[in-house]
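Enquirer: Sequence:
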Amino acid sequence: MDGLLLSPAGTFDESSLTGESLPVEHGKGDPVMSGSVNGDEAVRVVARATAADSQYSRIVALVQEAAASRAPTVRLADRYAVPFTIFAFLLAGIAWYFSHDPERFAQVLVVATPCPLLIAAPVAFLAGTSRAAHSGIIIKNAGTLEQLARVRTAVFDKTGTLTHGRPALHAIQVSATATPGMSADRILQLAASAEQSSSHVLATSVIDAARTRASICCPSPAPTSTRPRGSRQSAEARL
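Our numbering puts the first residue of the sequence shown at 1, with every later residue one more than the last.
These are calculated hints, taken from the structure and not from any lab test. Only true hints are included.
Computed list of lysine to any residue pairs in SDA-like fashion (alpha-carbon distance at most 20 Å, straight line):
| id | residue 1 | residue 2 |
| --- | --- | --- |
| 1 | 140 | 122 |
| 2 | 140 | 64 |
| 3 | 28 | 7 |
| 4 | 140 | 154 |
| 5 | 28 | 41 |
| 6 | 28 | 42 |
| 7 | 140 | 18 |
| 8 | 28 | 49 |
| 9 | 28 | 44 |
| 10 | 140 | 75 |
Can you make the complete structure from the sequences, with help from the hints?
Expert: Listed below in structure tokens is the structure:
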């Protein structure tokens with residue numbers, strides 16, 4: 001359920017709600033939406049709405065409404081299903097009458113029947129809506145999904161919307177004022193040692209990069225949080 005943050009600060013993963021790949025920092029008194037995932041530390045939140053009135057429930061209702069809606073193509077098929085079926089039987093009967101071949105009746109009926117359209121169109125729209133929902137994309141109605149076939153240009157609002165939410169370390173730049181003998185691998189080892197107690201998505205990427213390079217993390221004390229700038233630790237007497 002939605003609520004207000006009582007703790008001084010907290011980090012939340014809101015990717016399932018907003019598409020933002022990085023954790024979001026919230027301070028005391030900020031609203032916290034249902035569906036958010038808490039980060040490193042336990043926080044206190046006071047509820048301000050019931051579960052039925054929460055942001056998550058509204059999203060679920062939107063998905064259910066989209067699944068129940070019918071696209072223009074489906075409505076058109078439903079409208080002409082009965083008359084077209086009658087026409088198909090009449091056409092098949094005429095073919096049988098003139099050819100005296102019962103197979104002609106079956107052949108025309110198979111070709112002219114509207115059943116494939118009546119069955120395939122709703123199933124296709126339902127499958128598309130469900131697949132989009134599993135990818136975090138909410139489609140308001142089936143008509144919107146049908147219009148996507150005509151889209152030629154898409155404009156997205158911000159950086160992060162199209163990412164996988166799994167940042168990776170690309171390169172390490174060693175400053176000219178760094179301690180003599182301090183290599184990129186050594187910097188990575190110290191950084192991973194400082195981040196090993198954090199579950200932040202960027203900390204995880206640093207640790208994964210260190211493991212890829214077979215770096216061994218050094219023992220380090222508990223982190224000192226400096227939100228929103230990250231954390232500060234010492235490893236082997238290095239800050």
